[in-house]
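Kindly produce the complete structure, drawing on both the sequences and the hints.
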Amino acid sequence: MEPAISSEKIEAIQTYLQRAINLELTEQHKFATYSPAELTVIFPAIQKLLRYRQALKQQTGLGGDVKADLWEPSENNPRRTLLLVMRHTIQLNELLMSYKSARGSQTFFERRKPIDRLLSMNISDMNPVEYSQFKKLIGG
64 MEPAISSEKI
74 EAIQTYLQRA
84 INLELTEQHK
94 FATYSPAELT
104 VIFPAIQKLL
114 RYRQALKQQT
124 GLGGDVKADL
134 WEPSENNPRR
144 TLLLVMRHTI
154 QLNELLMSYK
164 SARGSQTFFE
174 RRKPIDRLLS
184 MNISDMNPVE
194 YSQFKKLIGG
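Here this note's numbering is used: position 90 in the sequence shown is 153, and no number is missing along the way.
Read the hints as simulated data drawn from the structure, not as lab findings. Watch out, some of these pointers could steer you wrong.
[Claimed, not checked] Label pairs and their in silico Cβ distance ranges: (1) Gln81 to Met184: 46 to 56 Å; (2) Asp188 to Ser164: 32 to 42 Å; (3) Gln81 to Asn140: 21 to 31 Å; (4) Ser183 to Ala100: 43 to 53 Å; (5) Gln81 to Arg174: 27 to 37 Å; (6) Glu157 to Glu193: 40 to 50 Å; (7) Leu119 to Leu146: 16 to 26 Å; (8) Gln91 to Ala118: 26 to 36 Å; (9) Ile178 to Gln154: 33 to 43 Å.
From the three backbone atoms N, C-alpha and C, an ideal C-beta is built for every residue, glycine too.
Following this line, the structure appears as structure tokens:
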């Protein structure tokens, strides 16, 4: 699976999408000028988000979009990424929220694994450390 998008990059994407909503990227699109942050942080993070979308579509088997080619990850095409941001800001924001929710759920279930393991064990099978942890869990 694709490496996780860091919280800082998620925040950078959100800020960038807000700039698109505020129509602050129009001039930039005309002249095709990009900041170092866009080229090294924001656009690569958006590409990771698009790969997440691709993987999700493959897992769920959902159909494609009318503009599927625009949504395909395109590493070396910043203009295409900017165009995607400008035309599909709301959809990208929804995708970002979906990603954050899925990442939060994954973290929650990873943290629950040791607890679930303890709760599924027989007390007679527990070693002293596990039994101590079990007692803490049940408030004993």
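Comparing the hints with the structure gives:
1. Gln81 to Met184: 46 to 56 Å: Given range 46 to 56 Å: holds, Cβ gap about 48 Å.
2. Asp188 to Ser164: 32 to 42 Å: holds (36 Å)
3. Gln81 to Asn140: 21 to 31 Å: Holds, since Gln81 and Asn140 (Cβ atoms, about 23 Å apart) stay within the stated range.
4. Ser183 to Ala100: 43 to 53 Å: Since Ser183 and Ala100 have Cβ atoms about 47 Å apart, the given range 43 to 53 Å holds.
5. Gln81 to Arg174: 27 to 37 Å: Taking Cβ atoms as reference, Gln81 and Arg174 lie about 31 Å apart, which means the hint holds.
6. Glu157 to Glu193: 40 to 50 Å: holds (43 Å)
7. Leu119 to Leu146: 16 to 26 Å: With a Cβ separation near 22 Å, Leu119 and Leu146 satisfy 16 to 26 Å, so the hint holds.
8. Gln91 to Ala118: 26 to 36 Å: holds (30 Å)
9. Ile178 to Gln154: 33 to 43 Å: holds (37 Å)
Of the numbered hints listed earlier, not one is contradicted by the structure.
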